[in-house]
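Engineer: Given only the sequences and the hints, what does the whole structure look like? Please build it.
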Amino acid sequence: MEGYNDLATTKPEIVQEWHPTKNGNLKPSDVVAGSERKVWWKCKKGT
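Position one of the sequence shown corresponds to residue 1 (my numbering), numbered consecutively onward.
Misleading hints may appear alongside valid ones.
Here are the in silico distance ranges between beta carbons for each label pair [what the hints assert, rightly or not]:
| no. | residue 1 | residue 2 | range |
| --- | --- | --- | --- |
| 1 | Lys45 | Tyr4 | 17 to 25 Å |
| 2 | Pro12 | Cys43 | 14 to 22 Å |
| 3 | Lys11 | Lys45 | 15 to 23 Å |
| 4 | Gln16 | Arg37 | 13 to 21 Å |
| 5 | Arg37 | Gly3 | 27 to 35 Å |
| 6 | Thr10 | Trp40 | 30 to 38 Å |
| 7 | Trp40 | Glu2 | 19 to 27 Å |
| 8 | Thr9 | Lys44 | 28 to 36 Å |
| 9 | Gly3 | Lys45 | 29 to 37 Å |
| 10 | Lys45 | Glu2 | 23 to 31 Å |
| 11 | Gln16 | Lys38 | 29 to 37 Å |
| 12 | Thr9 | Trp40 | 29 to 37 Å |
| 13 | Gly3 | Asn25 | 13 to 21 Å |
| 14 | Asn25 | Asn5 | 15 to 23 Å |
In short, the hints are calculated from the structure, not lab data. Cβ coordinates follow ideal geometry from the N, Cα and C atoms, glycine included.
Structural biologist: Take a look at the structure:
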């Protein structure tokens, strides 16, 4: 539920590591925190 239990709302500190292209149209607000959905992340060190 966007704005309630989605990743962007419950874990905003990790949203900056969300991979902008490899996740396609999927956004952090589309994923429930604690979900077992496989997504792509960027390394916060940029490597």
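Engineer: Take the hints in turn and mark each one as holding or not.
Structural biologist: To see whether the hints hold, each was checked on the structure:
1. Lys45 - Tyr4: 17 to 25 Å: violated (31 Å)
2. Pro12 - Cys43: 14 to 22 Å: Given a distance of about 18 Å, which is inside 14 to 22 Å, the answer is holds.
3. Lys11 - Lys45: 15 to 23 Å: Holds - the Cβ-Cβ distance for Lys11 and Lys45, about 19 Å, lies within 15 to 23 Å.
4. Gln16 - Arg37: 13 to 21 Å: Holds, at about 19 Å.
5. Arg37 - Gly3: 27 to 35 Å: violated (18 Å)
6. Thr10 - Trp40: 30 to 38 Å: Since the Cβ atoms of Thr10 and Trp40 sit about 19 Å apart, the hinted range of 30 to 38 Å is violated.
7. Trp40 - Glu2: 19 to 27 Å: holds (20 Å)
8. Thr9 - Lys44: 28 to 36 Å: Given range 28 to 36 Å: violated, Cβ gap about 20 Å.
9. Gly3 - Lys45: 29 to 37 Å: This hint holds: roughly 30 Å between Cβ atoms.
10. Lys45 - Glu2: 23 to 31 Å: holds (30 Å)
11. Gln16 - Lys38: 29 to 37 Å: violated (19 Å)
12. Thr9 - Trp40: 29 to 37 Å: Taking Cβ atoms as reference, Thr9 and Trp40 lie about 20 Å apart, which means the hint is violated.
13. Gly3 - Asn25: 13 to 21 Å: Holds, at about 19 Å.
14. Asn25 - Asn5: 15 to 23 Å: Because 20 Å falls inside the window, the suggested range holds.
Hint check: violations occur at hints 1, 5, 6, 8, 11 and 12; the rest are consistent with the structure.
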